[in-house]
Structures are given as C-alpha cells and as structure tokens.
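Construct all of the structure, not just a fragment, from the sequences and the given hints.
Protein chains in written order, with my numbering: chain E, 1 to 678; chain R, 1 to 678.
Simulated from the structure, these hints should not be mistaken for lab results.
For glycine and all other residues, C-beta sits at the position ideal for the given N, C-alpha and C.
Hints should not be assumed to be uniformly reliable.
[Unchecked claim] For each label pair, taking beta carbons as the anchor points, the in silico distance ranges come out as:
| hint | chain 1 | residue 1 | chain 2 | residue 2 | range |
| --- | --- | --- | --- | --- | --- |
| 1 | E | E665 | R | D88 | 53 to 59 Å |
| 2 | R | S23 | E | E665 | 20 to 26 Å |
| 3 | E | N561 | R | Q624 | 32 to 38 Å |
| 4 | R | K668 | E | L672 | 18 to 24 Å |
| 5 | E | L672 | R | A547 | 55 to 61 Å |
| 6 | R | N33 | E | L672 | 55 to 61 Å |
| 7 | R | T562 | E | L672 | 51 to 57 Å |
| 8 | E | D666 | R | P470 | 31 to 37 Å |
| 9 | R | K668 | E | A34 | 48 to 54 Å |
| 10 | R | N503 | E | D666 | 21 to 27 Å |
| 11 | R | Q624 | E | L672 | 21 to 27 Å |
| 12 | E | D666 | R | I514 | 29 to 35 Å |
| 13 | E | P470 | R | E469 | 53 to 59 Å |
There are 2 protein chains.
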Amino acid sequence: MKQLIFSTFLFLFSLSLIAEDGSRLWLRFSETNAQANVTVSSRNNRHASTDVARQELTDHWQGQPIELRIDRRLNHLKDGYQIKGNRDRITVSAAQEVGLLYGAYHLLRLQETGADISNLDVTEIPSFDVRILNHWDNLNRTIERGYAGHSLWLWNELPHTLSPRYQEYARANASIGINATVINSVNANPRILTDEYLEKVKALADVFRPYGVRMYLSVNFASPSVIGGLENSDPHNPDVQRWWKNKVNDIYKLIPDFGGFLVKANSEGQPGPHDYGRNHADGANMLADALQPHNGIVMWRAFVYEPEWGEDRASQAYNEFVPLDGEFRDNVIIQIKNGPIDFQPREPFSPLFGALRKTAGMLEFQITQEYLGFSYHLVFLAPQFKEALDSDTFSDGEGSTIAKITDGTLREQKVTAIAGVANIGEDANWCGHHFAQSNWYAFGRLAWNYNLSSEQIADEWIRMTFTDEPNFLEPVKDMMLTSWETAVNYMMPMGIHHIFAWNHHYGPEPWCYIPGARPDWLPRYYHNADTIGMGFDRTVTGSNNVAQYFPPLNEIFGNVNTVPEKFLLWFHHVPWDFKMKNGETMWDNLCYHYNEGMMQVRDYQKVWDRVGHYVDYERFRHVQSRLRTQSRDAIWWRDAVLLYFQTYSRRPIPFHLERPMNDLEDLKKIKLDWKHHN
Amino acid sequence: MKQLIFSTFLFLFSLSLIAEDGSRLWLRFSETNAQANVTVSSRNNRHASTDVARQELTDHWQGQPIELRIDRRLNHLKDGYQIKGNRDRITVSAAQEVGLLYGAYHLLRLQETGADISNLDVTEIPSFDVRILNHWDNLNRTIERGYAGHSLWLWNELPHTLSPRYQEYARANASIGINATVINSVNANPRILTDEYLEKVKALADVFRPYGVRMYLSVNFASPSVIGGLENSDPHNPDVQRWWKNKVNDIYKLIPDFGGFLVKANSEGQPGPHDYGRNHADGANMLADALQPHNGIVMWRAFVYEPEWGEDRASQAYNEFVPLDGEFRDNVIIQIKNGPIDFQPREPFSPLFGALRKTAGMLEFQITQEYLGFSYHLVFLAPQFKEALDSDTFSDGEGSTIAKITDGTLREQKVTAIAGVANIGEDANWCGHHFAQSNWYAFGRLAWNYNLSSEQIADEWIRMTFTDEPNFLEPVKDMMLTSWETAVNYMMPMGIHHIFAWNHHYGPEPWCYIPGARPDWLPRYYHNADTIGMGFDRTVTGSNNVAQYFPPLNEIFGNVNTVPEKFLLWFHHVPWDFKMKNGETMWDNLCYHYNEGMMQVRDYQKVWDRVGHYVDYERFRHVQSRLRTQSRDAIWWRDAVLLYFQTYSRRPIPFHLERPMNDLEDLKKIKLDWKHHN
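This is the structure in structure tokens:
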C-alpha cells in the first residue's frame, strides 16, 4: 500500500510538466471555458476597480450569473460589501467600487474552497479602515529583514517600465482586503521625496489604484534639511513647516489618493523632533497639519528608545508617549508593535495599548520572520496575531482587547488601522518559503476581520494554495496551527526573549558579549542568568514594568505564582528549582520546551513526507528542504540554549530527553554571514 | 533525587584535582603503603622480566606473599604461567621469565577487578605464539590511518634520548600479553634498514625487552636497490640474496632477539617479486632464508590486488596465494586481513582461511578505526574480532574456525601468530578516544586467549579503566557490547561495503565518482545500485566469489534465501522489494538499520550523561563530546546513504521513521580535509 502510494507520487510528479514555482500564491482560480455572466449596475460602470471585479469573475466564476451594484446607501459598510444570492443569481452590493472587488474575491474564495454557494447572505464590514503593509525596502533594493530576495520595486526602470509583478502584487493584496502599502523602509532615505522618485512612486500608485491599494510613504524627518536645503528640520521652524506643506501638495498633485506618511523618528539613530528639543507630538502634528487638507494621515511609530541606555527598554515607549496623550492631531495614529520590545517570538502585549486614551493607536505586526527563522522556518503567524488582537488590556474593564481598542469600538478614532511588515520580495514565490505566503494571507484576512479563527484562515489558504484533499488538509493544518508555538518552544519559551545572535536574528547567541555595546542590545540584559536562576525582574523589586499594565494585570504579571507561564521569565527572575504548575522545576520545564519544539519539527517532517504526493514535486521538495533546515536549526537552538544556561543552572538535562548533539564551544564558533540568510 | 545526584556529580568533579588525561590506560593499580612480600626463585633471579614482575607486585599487590618461580618443565605452557595459591601464599610458575611477568599482571588484574584471590588454580597458555602490533608509523612521524596524534617514536631524538612513553608502551603491552611489535608502516621506507635507523630501532628494542616485547620491522622489498645500491631487488639475484643475509646478520648483532620482517609486496604500489617476474613465494622465501639461521620469521601480507582492474577484488588474494600453497618456507606466515576486501565495518571472513593447507596463516585485525569513525566514534571491537575468530570455514568439516586454523589446532604451524594494526599515537590518552583504549586491550586479551568473551573483556577493562560501580559498569558494558553493531547499522548494514568518501574513510560518499579512477576504488563498484536493487552479485551469476568458500558455505552464501542477512548485499544484488525474514522489503530494512544505528547512538548519549558522575570530569566531558560527534555523524550517514539510494529505489523512507535532516545536494558538498580527522 505504501509502495502504491509512492508510485502514484512519482507518477503524479512526472505529470506535472510546468514547474511550480509558487508565484501564483493562493490565486489559483479555476479557468472557465465559457465566460461567466457578470453585469454591473452603477452610475460609473467603468470605474477601474469595478472593471477588475468584473474581469476576475468573468474569467474564473463557474456559477450562477452575478450582478455588481454600487449603492451609496450602504455607506455603513465602509469598503465592505453585501452578497445575496440563490441558485439562479447573485448580487454583490457595495458603497464603494473597491467593495465590489472585495466581494468578487469573496465569491471566488467560496468557489475555490468548495463552499456552498446556492444560498448566500453575506455582509462584510472590515475591522479596520487602513489595512496596510509596511515594506522595509531600501532604494538600493535591499530589504531590511527581508528574506525573499531583493525589493519588488525596480527603481532604475521606473517610472517608464512597469514590471507585471506590480499588478500581481496589488491583485494579491486586494484579494485579501489589504488596501494600503508603504513601499519604502521606515529607515527612510530622504530621496524618496525628490521629484525624481515621486514620479516613480506615482507610476506604482497608478498600477495599484484599480486594486484599491493606496500609496503611503515612509519619510525621513530630516528631509527638509537633507534634500530641501533648509538649515534644519525643526518642526517649530516655519520654513520647515512650509517645506512639508509644499511637498505634500506636490505629492497629491501626482497621487490624488495618496494616503499619508509613516515615520520612525528618534529611534535607532533616525532623526526626529528630539534633535531640536521638540517632542513626538510636535513632530507628528507638523506633518499631520500638512496632510490634513488632503485627508492624509500620519502613522507615527512608538518604537522608540533612548540612545543612552537607562531604564528597562520594555518601559520606554510607554514613558515616552503616555505623557503626550491628547496632544496629537486626530489624523495622527501611533503605530505600536504588538509587544513592548521588538517582534520577539512571543511577547506580552505592549502596555501602550489602552494607556493612550486620547490618541489614536494601531497595531504593527511583523509578517516577515525576522525573529522566527527568516524564510527558512515554517511558522504560521495567525495564532501570534490573534494572541495580540485578543489580549485583554483591562483599560476599560474586562474585555478591553487590543482589537476593540484599535478598531474604534471602545474609543473614537478618526481613522482605524493595522499594519504588517511585509515578507515580500523578488523571489518567484514572493515570500521565500511557500508557507510564508500564508502569513501575508493571514495578515490580510485578520486586518479585514479579526474575528476569523486561525483555523479558518489556514483552512482557506491550504485549500486555495495546495489542495482540499482531506488527507492533506487536516495534517497540514495541524502543522500550521501548532507551528508558532513550536518555534517559540525551540527558540524562546516561557518568556525568554532576545537571546539572538548579534549580527543576525536567526540563531541563538545567549552568550553574546560585544565590548562597548549598549547593554540592552545584548542577550544578558534580557536573560540575566546566574547560578540562582534566570529571567528579567520587571516586578516592583525590578524595573517595575508591570506597573504599566492596568489592574489586575499588574498584579497577575507581577506575581510569580499567577503570571502566565508563557511569560514567566519575561516578568520574573526565577530560581532554577522553582516549581511550576506541572510540579517540575523551571529548569526541567525549560528542557522540556526545547525538546518538545525539536520533536515537533521532526513530526512536521514526517507529516510533510507522508502527504507530499498530494502536491506538485517542486513545492514538495522546496518545503521538505526547508523543514530539514528547520529541524537542524531546532537542534542548534536546543543545544545552544540548554548548554549555555546549564553552565549557570548546573543541573542535568532530564536524562530521558535526547541529549545535545553539539558542544557549546563549537556552537559559540558559529558566525553566520547574515547575507547568506537574507 | 535527580538533583541530588547531580550535586554529587559536581562535588566529585571538584575533588578531582589532578586532570585525568587517560594516560594511565587500564593500569591504575592500587598503591600499597607497605611493600608486598615477593620472592623470586630461579637460576637467574636477575632476569629483566623477572625484575619487572617483582617490582610491579611489590609496588601494587595488596594480598598474601607471592613466590615467582621459573620451572623449565613447564615448557608446554610456552610463555604462559601457572598460578596456585591460598589465603597465605601464592606461587606463580612459568618456563620463561616473561611468563612470570604475565602471571604478575594476571594477579594485579584479579585484584583490580575485585576477583576472589583466596584460592587460585590458574593455568594460562597463550592462544598464539606471536601476538603482535602492526604500527603504520612513517619515519616522518605521521601515522597512516592513525587518529591519536603523531607517532610515538621520536626518531630525531633516538637512539640517545629515550622518551618515558617507550617503557609505558611496553608495559601496557605486557600487561595484556602482547609480545611483539612492528614499529614502522607496511608501506615501508627503505631507510629503516640503514645503519642509522637500526641503531635507533635497537634502542627501542632494548627498552621493550624487559617487557617481553620483541622487535619486528616492515621492510621495503626494493631495499637492496634503493639503499643497498644493487642493480635490482630480484629475489633470484644472488647479490640481492646476499644483501638480505648480511642485513639480517647486522640486525641480529644489534638486536639478538629480533623477531623478523613484515612485508607488503606488490600491493597498492609497493614493490615486490612480481616486478621481476617472480611470485610471492620467491620473494617471501628469500627473506625467510636470510632470517632462518636466527629463528626469525617473515609475515607476508595477503592484502594484494592487481594494479589493473579485473576480477572481483574480494577474490584476488585467494587466486594469488592458493596456487602457491606449499611453496613457502616454514618460517613464512601469510598475514591475512579478517575479510577479503579491507577492514570494512563488517565483512564475511576471507576465503583464504582454510584454503591454505600447507602454508602457515595468521589473522590481521585493524585496531585503529580506519573505517569505524576514526577516534571520534565509540566502537568496541572485541565482538568484531570474535566474529572473525569464530567464523567456521568448514575447511576440515564443521568447527574449522579461523581461530583453530591459525592457532595450530587443525594444521601444524611452526609458529602461530595474530596481528593487530595499532591505534596508538602521541595523544596523552594514547588512542584518541578513551574508549579506543579498550580495543588495544581487547586485541591483546584475545590474542592471548581467544576464548574470552567480549563481555568479560569489556567488564575487565571498565573495572580497571573507570570503576566497578555496578550502576556504571552494566550500562556502559551494554553500550560497548552493542557499539560495533550500532556502527555497522549507521554505516554499512546488511553487507554494504566501501561506500566511503574518496579522500577519507570517515564519512559516506556512495555517489563518489572520480573520472579515471579505477572502478574498484569507487563505491559504485561495491554497491551497484540501480532501479532494480543494489548489492554485489558474487554468486555464480556474478563474480562467483562464493565458490572460494568451502561447502556448504558456497551454497549458503550463494543463495539469497539462505545467506545471513548481515551479508545479504555483500553476496547478492537484491531487488528493493525483496522480502526479508521480518516480512518487510530490503529497502525498508535498510531504512530501519540506519535509523536504528542513529537511535542507538542517541541512547549511548543518554547512558553516558546518566552515569557520568561516576567518573572524572575530564574523561566524562571528552567522551560526551565524542558521542555528540558520533551522533551527528550517524545522522550524516543515514541521510547520505538513504537519500542517495532513494534516488534508485524510488521508495519512501517508512513514514514513522525520523526524516532526514539534510538534503542530498548539501551532503554531496561536504569535502572533509582528511588531515582534520587524522
């Protein structure tokens, strides 16, 4: 029987004549022989987005006739839509043309996932107004923390030559509801605002527009002085204010639906208002004032920390921004990373959420796997995104989840938004790892509707990307749904954070010491291992970061017996022999987590090999190979972390567990050339 | 409890103030406060060996008084001994002085292993007359296939400076009954026979003599022409014959008890009688004639194969030597490797054993782990040695084991002998791996008495080398006793052979192809993998090597249904789906063996970590580190072999087995610098 299956496997492989490079993403819509019957009834039936919607359905829809209808009375749907239909006819209604497009992709998704389409009554209103990707693409086409090749944007060719991938990119975003993009890195090159580059940006915006994807830009706060020739970039300098107004006006002449600016200021060496003795509100408001006449917005990042080392880094964003609460314009949104440090494998939520009561806030997720194995590890992030969205801040009593704070439910916001740092590059499969596509997909789907379950998102994505064969679907879905926890297990369980290597965030280097480096850039700052135990004391006896959380979380997090064990070492310095809920010591539990993570990856390998024959050979082999890398890396992590901390704990790894395969001294010699993993 | 044990562990570590480098081997005799009462009664009570025996006992014996007695009537014991004693007195008797020394070490071994010494009646007669180490040491102090540092012999310092290690070496050999050594490589540098070097050799022989270790030399057959200035080295040339006689006379003037020559001739580029149209008997006899007046012997190696590729390499030694049977002098012994190819992880026995009816033969084992993981892998070789010694050739009916053929039981031999290629070098611990010492020990013990069980040898060695703590002894003994089969499992199970890498014999390279290389130096020659199956057809439909075995072995080996499965692919080209005795296919069984080997090494790691606290920290850590290497290598082997043969078998590795951790293409890129593993 096994043999039969394997023979089939080979047979199927040989049938697959076209190399499957993954470039089609989840957009593998059926081709219809006869074109579908699609009609449009709206005042302007030649709107570009309507055209796309009609064309997609005409080409791929295999069911009953469809009417697309613009109805301005449906304004409460925002850019959402209604779908009503029976066996004979379906009507998609929306207040905005792009809503029809989203409705069209909804129908195609139903078709491709094998859903019942004989009786439809759907109303979809997006969770957030602005569902935006943040590209960390540099103008030289490298991508910071990008692991799928160089940037999609071919600046040298723009604006005159337009790669077909620009449109494919916009289409993929539209298909999952993403309606905005910041195409350049937050460490922004001021040249993006020169006339030369704005012409190129306009060309891209024109390609994106039919798909409802609005253009935003990261701007360098020092642009007025660097490219404007001004003496400084002080937000109180009228020349500077004028320079920005003029620049914004120029942009809107080229791109009338331009969305606004994303700003990283006074963080990690970037210029900002502090350079002139001004605060973040001064800086953000100046830009907001320039954008306001055009309905543009400023997304101002809360990821800031002092250039000189001082207080607990986890506390700094809160301390910086809470005092400014109420001082920001209403077209400024503070963009806050999900956790208080920096996209670690798992963090508790940032205490800024809920604490800003008179200032709009938004979540920033990292879709690119900077701290989760780059594009080498299979890690499905929907559960991570959900954990953040569902985190209860207690800011307005129980149920004050981050989702409800940032979507406008609990607090009025002029604009609501959610951002994800993109994992997209020039690789044929867009994201490096075929399964990394699912994180782009998951971000889009949750930005549209954060109530979707991870399970549903995985289910949809697998059916559309691979197959709906249950023998494939179920085990692969299990693999995806457990994969984040697995990665946390073999990298940083129990609240451990930032024990990555100095020159890359791929592998472990808990021992890392660089003479002269600021302490909070070194792992020791975070793990604090000694012969007593390990962990970061953020209770009242330590940095008192717990005080930034609303009651009762300050108490829960601050008590070693009530803190969720997944955050134990985030908030506490805990003795090696501390008894955990399962009755075993902290040290033994640490060993179990790393062992478990390693064994789980081995299970994924078994799953993938077993179901491989349901998919094309190319993607099978590619994923198989990456799982092998992940399996080796899980061993690397387990060995490095356990052997290093063992020098402090002086306890054996429980003897029934598989033993380390590497010597600590050998592991310390590993120095990855980061470029190899880019 | 676990914690308690680990604390004890650390406590004990801190007590071990003297770094334990393993240099004391198994010779960790107790020190007595009061000297033991040892008397000697012999005509020459000042014989050097008697002195050593008396001194060893005086220093280390803690029991009743001992009398050492030479009794020439005990000649039937050869260099063996009798021990008789009660609680009050022990008498050690021997016909030769060295017999007293062996008896002394016997007593100390009893004492150190905790045996009952209150009532002794022991008679020991060695299994073989000559129990000899073959060093493959070059005069430049590199060692061919040596993995424990450079050669012990400091040629530049000799003869005037004598390293203390020469005596320690001789003592270690004497303690296990080894009575002879060839100190230079079989790929012999002719300079060893120059006066300059013979003076150095004499100095070593003088150190070895009190310990009963006789000196032998490897000689280069072309010595007469290379260093003697003769026109050629033709054995029929009277000048050549005279040169050898004179050279031998010179040697005996320096070393009166010189043992004889070891010769590798017409093999792998070495000169030999074939260079002059003479045969091996012509060559060996010429040297034998020169040595005969001094009672010296020639050990002539059967490891020969044609410089041009032709017949099955496994058949060549037989075809070369059997026609010469009866033509050799009685002081010539043909030295035959245990298997017909070359010290592979497991081989069937060489068919030359038993086939030479009128010529003396001897076994050559390889103690150094050329094909068994160098000094990086823990592999206890007693079971391998035993499997060869116990192999039944059926040459004289059932029970015609190689042991009984080569020890003179079944055939008269003037001299009986057994050789082992040494694993000894300059490393502090002598053998690279602490456990590799056990192979030196096992060779000596089996050369003395091949009826000893592997279990008994391991038991003695562990007690003397580490501890007799049962919680250590039993699991470590289990580990040792299974370790050879384990290595065979992860390297070359089921009769696979010689799929090693081209430039080293450490790792796998079954795909190795070197343009222009002779086929029988390439793995493909041996594995013959294709889409049907794999293995070497040595049956009548193939090379018919099976015909070299005596009935019924030719039938048993020649039939795919009766051949022992451990030799299946040695003798047969077997389809991937061939059903084996467990009902599963050949391919699946191959996968099971590799998986089993890998898992067994992981078990050894668990064992070692668990019992580590019973031994000193230095040896614990050293062995722990090597086991980690072995564990990684087992994965390397499994992945390389299974992924490579899978390209032929086109079958899945059974899905419940752990999946490969490496990609075949990556493994193919591994090119070890052999020197790193020397």
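Cross-check of the supplied hints:
{"no.": "1", "hint": "E665(E) x D88(R): 53 to 59 Å", "in the structure": "holds, 56 Å"}
{"no.": "2", "hint": "S23(R) x E665(E): 20 to 26 Å", "in the structure": "holds, 23 Å"}
{"no.": "3", "hint": "N561(E) x Q624(R): 32 to 38 Å", "in the structure": "holds, 37 Å"}
{"no.": "4", "hint": "K668(R) x L672(E): 18 to 24 Å", "in the structure": "holds, 22 Å"}
{"no.": "5", "hint": "L672(E) x A547(R): 55 to 61 Å", "in the structure": "holds, 57 Å"}
{"no.": "6", "hint": "N33(R) x L672(E): 55 to 61 Å", "in the structure": "holds, 59 Å"}
{"no.": "7", "hint": "T562(R) x L672(E): 51 to 57 Å", "in the structure": "holds, 54 Å"}
{"no.": "8", "hint": "D666(E) x P470(R): 31 to 37 Å", "in the structure": "holds, 34 Å"}
{"no.": "9", "hint": "K668(R) x A34(E): 48 to 54 Å", "in the structure": "holds, 51 Å"}
{"no.": "10", "hint": "N503(R) x D666(E): 21 to 27 Å", "in the structure": "holds, 23 Å"}
{"no.": "11", "hint": "Q624(R) x L672(E): 21 to 27 Å", "in the structure": "holds, 26 Å"}
{"no.": "12", "hint": "D666(E) x I514(R): 29 to 35 Å", "in the structure": "holds, 31 Å"}
{"no.": "13", "hint": "P470(E) x E469(R): 53 to 59 Å", "in the structure": "holds, 56 Å"}
Against the hints set out earlier in the document, no violation occurs for any number.
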